[in-house]
Amino acid sequence: MPEGITREWIKSAAENRDEDEKLFPIVRAAFQKKIDVGLHVPTYPQFRDMIGQFLDIIKDEKNCYEPYVLKEENAKILELEIIDEVAKQYREETGETLEVRVCISGPTDLYLQAFGATGYADAYHILALDIEDFIKQAFMAAKNFKIKIIALDEPSLGINDRIKFSDADIISALTVASTYARKQGVDVGIHLHSPLKYKLICETPINVIGFEYAATPSYLNLLDKKVLEDSDTYIRLGVSRTDISSLIGIVNETYGVNVWKEKEYMQKIVTDLETPAVVKNRLETAYSVLGDRIKYASPDCGLAFWPDQELAFKLLENTAKGINEFNEEMKKQEE
Numbered sequence: 001m002p003e004g005i006t007r008e009w010i011k012s013a014a015e016n017r018d019e020d021e022k023l024f025p026i027v028r029a030a031f032q033k034k035i036d037v038g039l040h041v042p043t044y045p046q047f048r049d050m051i052g053q054f055l056d057i058i059k060d061e062k063n064c065y066e067p068y069v070l071k072e073e074n075a076k077i078l079e080l081e082i083i084d085e086v087a088k089q090y091r092e093e094t095g096e097t098l099e100v101r102v103c104i105s106g107p108t109d110l111y112l113q114a115f116g117a118t119g120y121a122d123a124y125h126i127l128a129l130d131i132e133d134f135i136k137q138a139f140m141a142a143k144n145f146k147i148k149i150i151a152l153d154e155p156s157l158g159i160n161d162r163i164k165f166s167d168a169d170i171i172s173a174l175t176v177a178s179t180y181a182r183k184q185g186v187d188v189g190i191h192l193h194s195p196l197k198y199k200l201i202c203e204t205p206i207n208v209i210g211f212e213y214a215a216t217p218s219y220l221n222l223l224d225k226k227v228l229e230d231s232d233t234y235i236r237l238g239v240s241r242t243d244i245s246s247l248i249g250i251v252n253e254t255y256g257v258n259v260w261k262e263k264e265y266m267q268k269i270v271t272d273l274e275t276p277a278v279v280k281n282r283l284e285t286a287y288s289v290l291g292d293r294i295k296y297a298s299p300d301c302g303l304a305f306w307p308d309q310e311l312a313f314k315l316l317e318n319t320a321k322g323i324n325e326f327n328e329e330m331k332k333q334e335e
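Counting in our numbering, the sequence shown runs from 1 upward without gaps.
Hints should not be assumed to be uniformly reliable.
[Said to hold, decoys possible] Ranges of calculated distance between the beta carbons of each label pair, as one might list FRET restraints:
hint : residue 1 : residue 2 : range
1    : Ala277    : Glu335    : 15 to 25 Å
2    : Pro67     : Lys164    : 33 to 43 Å
3    : Ala29     : Met140    : 21 to 31 Å
4    : Glu21     : Thr285    : 43 to 53 Å
5    : Asn74     : Thr179    : 13 to 23 Å
6    : Asn281    : Arg7      : 13 to 23 Å
7    : Ala277    : Gly302    : 21 to 31 Å
8    : Asp230    : Lys263    : 46 to 56 Å
[What the hints assert, rightly or not] Keeping only pairs whose Cα atoms sit at most 35 Å apart, straight-line, the calculated DSBU-like set for lysine-lysine is:
hint : residue 1 : residue 2
9    : Lys268    : Lys226
10   : Lys76     : Lys22
11   : Lys321    : Lys148
12   : Lys331    : Lys33
13   : Lys146    : Lys71
14   : Lys197    : Lys314
15   : Lys143    : Lys226
16   : Lys314    : Lys148
17   : Lys226    : Lys76
18   : Lys295    : Lys199
19   : Lys226    : Lys199
20   : Lys164    : Lys268
21   : Lys263    : Lys197
22   : Lys136    : Lys268
23   : Lys148    : Lys136
24   : Lys268    : Lys295
25   : Lys197    : Lys11
26   : Lys321    : Lys268
27   : Lys199    : Lys321
28   : Lys314    : Lys22
29   : Lys225    : Lys295
30   : Lys261    : Lys197
31   : Lys88     : Lys321
32   : Lys183    : Lys11
33   : Lys321    : Lys226
34   : Lys62     : Lys11
35   : Lys148    : Lys331
36   : Lys88     : Lys164
37   : Lys197    : Lys295
38   : Lys146    : Lys183
39   : Lys88     : Lys62
Simulated from the structure, these hints should not be mistaken for laboratory data. Quantities reported herein were computed from a predicted structural model and do not represent experimental measurements. Even for Gly, the Cβ is constructed at its ideal location relative to N, Cα and C.
Model the full structure from these sequences, guided by the hints.
Written out as structure tokens, the structure reads:
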């Protein structure tokens, strides 16, 4: 979050629309900074709760025909409307159309938040249809930018034993949620913390599987390249760590300090640990196993819990530099 701004304020301002003149510049500034540090396909700034941002709209009766059955015109991501102005300026300055990643909570995690450890397959299906509505509205909001990839956030798949649905139910829900976007010719990704369920994802229209490789390199061993090739599925590889508590623990142990008291050591995270060279090395290792099945590379997960924006943007910059260096080296080898 920007200094002095709370998530509670952002949530209230986005829902009540009574402080747009303060909210919009905050979102636009963060998005512009993502572009400035070198991200090729930036995600709109997500200052709100990943699940609540969507579920609060779905649960509001005035937005629905009947409980949880969303009216499509109400399935809007406000942040996309806000960043369109930045995208317009980008096009005017560069002559190019900005490509954007649109992240939306997946049906499984939405369901777990709304209904917990139950197995109402019809409600699960309805939530998947609601997600499709958010995706349709996202394309309508993209006036001055191009949606490159829709990313469904499903961290619970593969790690949460409270999910009561069969594989067939999960495949059905993910198919409903992803089909419209695939028909528009864009990639549809799914963000998993662990790729344990990747074979199941390969049975859906989703064509990009993302997982947290930087923090857990052993996840690479779970993947069979042939399975990915046979289903024409690609990987979004996490190449920089975002588990800030663990990173702070490493700095504390390495230098014998308490980072929270000696905050100048916080910079060690981006100067010593998560450097462009480390990012490049991770990509090289994964590429030796997966080759051209890697289509995207990014930080493992979001940066919501990082101590300040400056440090978070430095990680994004290091990530972009490491990826660029890898791409340049690959290009030289091809020549």
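Structure-based check of all given hints:
1. Ala277 <-> Glu335: 15 to 25 Å: 23 Å, holds
2. Pro67 <-> Lys164: 33 to 43 Å: Check failed, 20 Å falls outside 33 to 43 Å.
3. Ala29 <-> Met140: 21 to 31 Å: 25 Å, holds
4. Glu21 <-> Thr285: 43 to 53 Å: 47 Å, holds
5. Asn74 <-> Thr179: 13 to 23 Å: Cβ of Asn74 to Cβ of Thr179: about 21 Å, so the range 13 to 23 Å holds.
6. Asn281 <-> Arg7: 13 to 23 Å: 34 Å, violated
7. Ala277 <-> Gly302: 21 to 31 Å: 24 Å, holds
8. Asp230 <-> Lys263: 46 to 56 Å: 50 Å, holds
9. Lys268 <-> Lys226: Judged against 35 Å, a Cα distance of about 39 Å means the pair is violated.
10. Lys76 <-> Lys22: Given that 35 Å is the threshold and the Cα spacing comes to 20 Å, the pair holds.
11. Lys321 <-> Lys148: 21 Å, holds
12. Lys331 <-> Lys33: Satisfied, since the Cα-Cα distance of roughly 27 Å is no more than 35 Å.
13. Lys146 <-> Lys71: 24 Å, holds
14. Lys197 <-> Lys314: Holds, because 32 Å separates the two Cα atoms, which is no more than 35 Å.
15. Lys143 <-> Lys226: Violated - the C-alpha atoms of Lys226 and Lys143 are around 38 Å apart, more than 35 Å.
16. Lys314 <-> Lys148: Answer holds: Lys314 to Lys148 is near 24 Å, not above 35 Å.
17. Lys226 <-> Lys76: 38 Å, violated
18. Lys295 <-> Lys199: Roughly 18 Å separates the two Cα atoms, so the pair holds.
19. Lys226 <-> Lys199: 11 Å, holds
20. Lys164 <-> Lys268: 43 Å, violated
21. Lys263 <-> Lys197: The given pair, whose Cα atoms are some 39 Å apart, is violated under the 35 Å limit.
22. Lys136 <-> Lys268: With a Cα-Cα distance of about 42 Å, the restraint between Lys136 and Lys268 is violated, given a limit of 35 Å.
23. Lys148 <-> Lys136: 14 Å, holds
24. Lys268 <-> Lys295: 29 Å, holds
25. Lys197 <-> Lys11: 33 Å, holds
26. Lys321 <-> Lys268: 17 Å, holds
27. Lys199 <-> Lys321: 32 Å, holds
28. Lys314 <-> Lys22: Roughly 25 Å separates the two Cα atoms, so the pair holds.
29. Lys225 <-> Lys295: 13 Å, holds
30. Lys261 <-> Lys197: 41 Å, violated
31. Lys88 <-> Lys321: Satisfied, since the Cα-Cα distance of roughly 25 Å is no more than 35 Å.
32. Lys183 <-> Lys11: Roughly 32 Å between the alpha carbons, so the hint for Lys183 and Lys11 holds.
33. Lys321 <-> Lys226: 30 Å, holds
34. Lys62 <-> Lys11: 18 Å, holds
35. Lys148 <-> Lys331: Answer holds: Lys148 to Lys331 is near 23 Å, not above 35 Å.
36. Lys88 <-> Lys164: 44 Å, violated
37. Lys197 <-> Lys295: 19 Å, holds
38. Lys146 <-> Lys183: Holds, at roughly 15 Å.
39. Lys88 <-> Lys62: Satisfied, since the Cα-Cα distance of roughly 32 Å is no more than 35 Å.
In terms of the numbered hints stated before, the structure departs from hints 2, 6, 9, 15, 17, 20, 21, 22, 30, 36, listed from lowest to highest.
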